[in-house]
Amino acid sequence: MSSYKHFIVAALSISAISVSSPAALQCAPVPDSVTLNPNGKLYSPFTFNHAKHIQSIKECADCHHHTTGTLVLAPNCARCHQNSSPTAVVSCKGCHLAAPFSPETLAAKRADKQRYHLDKMGLKGAMHQNCIGCHNKLGNGPTGCQDCHPRTKEGAAFYSTNRKGAKPAHAEEE
Amino acid sequence: MKRRNFLKACLIGGTTIALGKTNKGWASGSFEGYPEAMGVLVDTTRCIGCRSCEAACNKEQKLPEPDTSFDDPSVFEHDRRPTAKAYTVVNRYQKEQPSGPVYRKVQCNHCNEPACLTSCFVNAYTKTKEGAVIYNSKVCVGCRNCMIACPFNAPGYDYDSATNPIVKKCILCYDTRLKYGKPPACVEICPQEALTFGHRADLIKLAHERIRATPDRYVDHVYGEKEVGGTSWLYLAPVGFDKLGFDTTLSNDPIISNVKDFLGMVPMVLSIWPALFSGIHLLCKNQEHDGHGHDTDSNQEDTKP
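Those protein sequence lines, which keep their order, are chains U and F.
Under the working numbering, the first residue of the first sequence carries the number 315, and numbering increases by one thereafter.
Under the working numbering, the first residue of the second sequence carries the number 2, and numbering increases by one thereafter.
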């Protein structure tokens, strides 16, 4: 998924700046929009309006667990990371894997006995929970699947959308 | 054999059987599943009821088109159970709660000691070392004992085919995915990661860790960790499991334990009883011979005063 390149580029540039002058953090370049789900088969790609979210939320840490500007605030994370320095990576993809249940990932988890973050969510789960969770909490954002990304033709077939209005399965039982 | 020896043997044999019975079904329920068994942890606090898992299962298992689209929320108006056309269904509970509804995915739970497997007299079911309970339609005779035995109402019967009886249920995508270490289709598509795939032993630790880290979010119980001897599918819930349609009256013993004691008697009946009763019969006969010797003359009774 190349869409997160923007995030990574931004993160890297921010970290480069922070070495020279920490004061420049706040005015570090952040992407105004990001294309999410670029290679989606069932759902089409869509543009995430980053600038609009920055305007309405203002606090980076509300979405990103850790940023280059703010220390970790989430109480559960702060237990260990209270004084952690700003990190180079702020994008979701930097930590959350695209294939969290692949045989390779599971084997690596089993092999690493020292690993603490065993219950780290995958990329898809993390992003959906972040978006839908916040939209639900604030009550002013889209929460339906197609409110953000409309289905492709393939997606419509996958979900059998043409069967809409047909007699529901449970009606036969009555 | 002398009568004294025979009675002694009977006494010893009887005591052994009695002791075995009190010993709780000969160590039943001690099997904790295959060490490398995989499983799925369902976190009902994460599920948003999108039914993507149902659609993914439908395509992966090449099931017939659904009666209504996988977007149709009207299916939530009634409790559904898995059928031969839908190996998994999502039901909605706690609709009136201010915290919002809770959705629960239902499918075969892939028990460590499956009741369907033990109830099947043609061995159509197999518990694989990967944790899946799979089914062989070639030997199935369509008796549907498994449907009665299953404590979770999982197997569905294909009533459309009279000549080829087939019981259908979730097989954890064994043929196409699990065999190769890959997660089932429902897990892969879940947008909320309400389903977590991994080694069963790890998932149990994970589930308890989630409860420990956020105790306000969950009730302190992992459904499937111990129920009916443990299942490969495990559940976390924000409210009592009884409120989400789970059977909370199930014992921690596998279903087989209910009949294990009784079934253990069968070989005893077949092997010991014939010897026992013929022994008694012979003894009685001998006694009659040695004692009074009035067995030959049948008219003797009539001559008695």
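Since the hints were made in silico from the structure, they are not lab data.
The reader is advised that the hints may include incorrect statements.
[Unchecked claim] Simulated DEER-style distance windows between Cβ atoms:
hint: 1; chain 1: F; residue 1: Val-240; chain 2: U; residue 2: His-431; range: 42 to 50 Å
hint: 2; chain 1: F; residue 1: Lys-180; chain 2: U; residue 2: Glu-468; range: 25 to 33 Å
hint: 3; chain 1: F; residue 1: Val-240; chain 2: U; residue 2: Gly-453; range: 19 to 27 Å
hint: 4; chain 1: F; residue 1: Lys-60; chain 2: U; residue 2: Glu-373; range: 34 to 42 Å
[As the list claims (entries may be wrong)] Covered, in the sense of this in silico footprint (three residues per stretch, anywhere, with C-beta under 8 Å from a C-beta of chain F), are these stretches of chain U:
hint: 5; region: 364-376
hint: 6; region: 392-406
hint: 7; region: 432-440
Even for Gly, the Cβ is constructed at its ideal location relative to N, Cα and C.
Hints, one by one, checked against the model:
1. F:Val-240 with U:His-431: 42 to 50 Å: Given range 42 to 50 Å: violated, Cβ gap about 28 Å.
2. F:Lys-180 with U:Glu-468: 25 to 33 Å: holds (26 Å)
3. F:Val-240 with U:Gly-453: 19 to 27 Å: holds (22 Å)
4. F:Lys-60 with U:Glu-373: 34 to 42 Å: holds (41 Å)
5. 364-376: It is violated, with 0 qualifying residues against the three required.
6. 392-406: Violated, because only 0 residues of the region 392-406 of chain U bring their Cβ atoms closer than 8 Å to Cβ atoms of chain F.
7. 432-440: Answer holds; 7 residues pass the 8 Å Cβ test.
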